[in-house]
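Peer 1: Residue numbers are given in this note's numbering: position 119 of the sequence shown equals residue 119, and the series is strictly consecutive.
Misleading hints may appear alongside valid ones.
[To be verified] Here are the simulated DSS-like pairs of lysine-lysine, each with C-alpha atoms no more than 30 angstroms apart in a straight line:
hint: 1; residue 1: LYS131; residue 2: LYS84
hint: 2; residue 1: LYS114; residue 2: LYS137
hint: 3; residue 1: LYS120; residue 2: LYS130
hint: 4; residue 1: LYS120; residue 2: LYS151
hint: 5; residue 1: LYS114; residue 2: LYS84
hint: 6; residue 1: LYS137; residue 2: LYS155
hint: 7; residue 1: LYS130; residue 2: LYS93
hint: 8; residue 1: LYS129; residue 2: LYS84
hint: 9; residue 1: LYS140; residue 2: LYS114
hint: 10; residue 1: LYS140; residue 2: LYS105
hint: 11; residue 1: LYS105; residue 2: LYS120
hint: 12; residue 1: LYS151; residue 2: LYS129
hint: 13; residue 1: LYS142; residue 2: LYS129
hint: 14; residue 1: LYS130; residue 2: LYS142
hint: 15; residue 1: LYS131; residue 2: LYS142
hint: 16; residue 1: LYS120; residue 2: LYS76
hint: 17; residue 1: LYS129; residue 2: LYS105
hint: 18; residue 1: LYS120; residue 2: LYS131
Think of the hints as simulated: they come from the structure by calculation, not from any bench.
Predicted model, so just to flag it, every value in this text is computed and none were measured.
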Amino acid sequence: MSSLLAFTSRMLGVSRWFMWRTAPGLPPLLRLTPPAPSWVVAVGKKDLLDLPVLLEDELEEQFVRGSGPGGQATNKTSNCVVLKHVPTGIVVKCHQTRSVDINRKRARDIMREKLDVAYKGELSELMVKKKESVLRKQEKRKRVNENLERKRLFKEALVADTKPGDDTV
1 MSSLLAFTSR
11 MLGVSRWFMW
21 RTAPGLPPLL
31 RLTPPAPSWV
41 VAVGKKDLLD
51 LPVLLEDELE
61 EQFVRGSGPG
71 GQATNKTSNC
81 VVLKHVPTGI
91 VVKCHQTRSV
101 DINRKRARDI
111 MREKLDVAYK
121 GELSELMVKK
131 KESVLRKQEK
141 RKRVNENLER
151 KRLFKEALVA
161 DTKPGDDTV
């Protein structure tokens, strides 16, 4: 029966995420990550391949006045987007530009990244890339310190070789 349901769902275009999400008897906290590949490519993020899908019915969106520099343009317009993911309680606030549309898109991108970290923890793409970046930075700092130490030792050796009074023949 399940194979017939899977076949018909593929034929009709019903996503596995929808079928899995509506599975009876599972509490919402146990349904955090879908078993099927229901991940999408984030627009503009070529190196982040599997960020979670945002379902609009799980989001609460508000438009509030932003804060910070900008004067009258900031104080009179409600272009700051506050996005809340109801199942997890994660809240994202985005006020990067004056445009509400751009802020909405960026808030959703940030929410996808936060959900990825919340669902996968240390195995999320963002955490792995952050760890790789920290390791590269540490390796670079280590090489710089080694080069500085080599230069210091070379200068000391030059000074020791050119000291006056050591003329032994």
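Peer 1: Taking only the CA atoms, is the gap from LYS105 to LYS120 under or equal to 30 angstroms?
Peer 2: holds, 23 angstroms
Peer 1: Please verify whether LYS120 and LYS76 have alpha carbons no more than 30 angstroms apart.
Peer 2: With Cα atoms ~39 angstroms apart, LYS120 and LYS76 exceed 30 angstroms; violated.
Peer 1: Given the hinted pair LYS114 and LYS84, is their Cα-Cα distance within 30 angstroms?
Peer 2: holds, 11 angstroms
Peer 1: If you draw a straight line from the CA of LYS131 to the CA of LYS142, is it 30 angstroms or shorter?
Peer 2: Roughly 16 angstroms between the alpha carbons, so the hint for LYS131 and LYS142 holds.
Peer 1: Can the restraint linking LYS130 and LYS142 be considered satisfied, given a maximum Cα separation of 30 angstroms?
Peer 2: holds, 18 angstroms
Peer 1: Please work out if LYS140 and LYS105 have their alpha carbons no farther apart than 30 angstroms.
Peer 2: violated, 35 angstroms
Peer 1: Does the structure keep LYS130 and LYS93 at a Cα separation of 30 angstroms or less?
Peer 2: holds, 22 angstroms
Peer 1: For LYS129 and LYS84, compute the direct alpha-carbon distance and say whether it is at most 30 angstroms.
Peer 2: Satisfied, since the Cα-Cα distance of roughly 25 angstroms is no more than 30 angstroms.
Peer 1: Would you check the hint for LYS151 and LYS129, treating anything up to 30 angstroms between C-alpha atoms as holding?
Peer 2: Not satisfied, since the Cα-Cα distance of roughly 33 angstroms exceeds 30 angstroms.
Peer 1: Assess, step by step, whether the Cα of LYS140 is no farther than 30 angstroms from the Cα of LYS114, and give holds or violated.
Peer 2: holds, 29 angstroms
Peer 1: Take a quick look at whether LYS142 and LYS129 sit within 30 angstroms of each other, Cα to Cα.
Peer 2: holds, 20 angstroms
Peer 1: Against the 30 angstroms threshold, does the CA-CA distance of LYS137 and LYS155 hold or violate the hint?
Peer 2: Answer holds: LYS137 to LYS155 is near 27 angstroms, not above 30 angstroms.
This entry does not satisfy hints 4, 10, 12, 16, going by the numbered hints stated previously.
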